[in-house]
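Kindly produce the complete structure, drawing on both the sequences and the hints.
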Amino acid sequence: ILNVEQSPQSLHVQEGDSTNFTCSFPSSNFYALHWYRWETAKSPEALFVMTLNGDEKKKGRISATLNTKEGYSYLYIKGSQPEDSATYLCAPLREWNSGNTPLVFGKGTRLSVIA
Amino acid sequence: DAMVIQNPRYQVTQFGKPVTLSCSQTLNHNVMYWYQQKSSQAPKLLFHYYDKDFNNEADTPDNFQSRRPNTSFCFLDIRSPGLGDAAMYLCATSRDRLAGGLNEQFFGPGTRLTVL
Numbered sequence: 001i002l003n004v005e006q007s008p009q010s011l012h013v014q015e016g017d018s019t020n021f022t023c024s025f026p027s028s029n030f031y032a033l034h035w036y037r038w039e040t041a042k043s044p045e046a047l048f049v050m051t052l053n054g055d056e057k058k059k060g061r062i063s064a065t066l067n068t069k070e071g072y073s074y075l076y077i078k079g080s081q082p083e084d085s086a087t088y089l090c091a092p093l094r095e096w097n098s099g100n101t102p103l104v105f106g107k108g109t110r111l112s113v114i115a
Numbered sequence: 001d002a003m004v005i006q007n008p009r010y011q012v013t014q015f016g017k018p019v020t021l022s023c024s025q026t027l028n029h030n031v032m033y034w035y036q037q038k039s040s041q042a043p044k045l046l047f048h049y050y051d052k053d054f055n056n057e058a059d060t061p062d063n064f065q066s067r068r069p070n071t072s073f074c075f076l077d078i079r080s081p082g083l084g085d086a087a088m089y090l091c092a093t094s095r096d097r098l099a100g101g102l103n104e105q106f107f108g109p110g111t112r113l114t115v116l
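Here the protein sequences line up with chains A and B, keeping their order.
No gaps in the numbering here: position 37 of the first sequence is 37 in my numbering, and each next residue is one more.
No gaps in the numbering here: position 23 of the second sequence is 23 in my numbering, and each next residue is one more.
If you're looking for bench data, these hints aren't it; they were derived computationally from the structure.
Keep in mind it's a predicted model, so treat the numbers as computed, not measured.
Be aware that one or more of the hints could be misleading.
Claimed, not checked - In the EDC-like style, the derived pairs of lysine to aspartate or glutamate whose C-alpha atoms are separated by at most 16 Å in a straight line are:
1. Lys78(A) <-> Glu56(A)
2. Lys59(A) <-> Glu104(B)
3. Lys44(B) <-> Glu57(B)
4. Lys57(A) <-> Glu104(B)
5. Lys69(A) <-> Asp55(A)
6. Lys44(B) <-> Glu5(A)
7. Lys69(A) <-> Glu56(A)
8. Lys69(A) <-> Glu95(A)
9. Lys107(A) <-> Glu39(A)
Here you go:
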């Protein structure tokens with residue numbers, strides 16, 4: 001069973017603050033890491049799919065880094081806005097003999113941005 | 001807009017009464033997934049279809065079945081819902097499983113199931 005840890009479980013920040021949270025996963029047989037944002041009453045939507053150690057991806061004010069050797073990824077939000085309030089899920093994918101294993105999601109980090 | 005649609009958004013059923021959740025997609029994706037998410041827990045994959053090829057997760061209870069009559073539609077059947085099956089059920093699609101995990105998944109808004 002793949003153990004995926006996301007921390008913190010929840011956080012509250014003021015509008016304009018920058019924030020970051022962590023996804024930890026076993027580094028063995030790493031293949032890819034997905035990040036999703038899930039706003040309340042909406043569909044989860046993909047933010048990033050990352051594969052390379054040291055990779056950094058950016059979408060607007062949101063960016064993510066990946067360390068496959070130590071098994072973690074950071075998600076950063078610069079200048080948080082109320083519309084960033086959501087649950088952020090990470091899901092690593094491992095390479096296995098018969099192909100890739102399914103995504104295993106973490107419990108997510110629930111972000112609330114207070115105006 | 002191309003999308004993944006789930007109906008209904010909220011479903012109430014009685015203990016032991018069979019229930020079917022539906023998912024449709026306009027993306028023409030090969031792969032369709034069903035996830036179960038219980039309160040404060042991670043979404044858990046129940047099974048997925050690659051085209052018509054059904055792939056069940058080892059720990060998915062027999063109580064859960066799925067049908068995919070065509071590319072666009074996929075159904076989740078819960079034969080005898082128990083109180084522990086109350087959860088959010090998410091449907092997702094991706095373009096091609098065999099391309100590796102590099103293809104993002106596209107999710108529907110979910111169906112919240114209540115079991116009385």
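Hint check results:
1. Lys78(A) <-> Glu56(A): holds (15 Å)
2. Lys59(A) <-> Glu104(B): Distance of about 15 Å is within 16 Å: holds.
3. Lys44(B) <-> Glu57(B): holds (10 Å)
4. Lys57(A) <-> Glu104(B): At roughly 15 Å apart (the allowed maximum being 16 Å), Glu104(B) and Lys57(A) satisfy the hint.
5. Lys69(A) <-> Asp55(A): holds (12 Å)
6. Lys44(B) <-> Glu5(A): holds (14 Å)
7. Lys69(A) <-> Glu56(A): holds (15 Å)
8. Lys69(A) <-> Glu95(A): Within the cut-off at roughly 15 Å; holds.
9. Lys107(A) <-> Glu39(A): Roughly 14 Å between the alpha carbons, so the hint for Lys107(A) and Glu39(A) holds.
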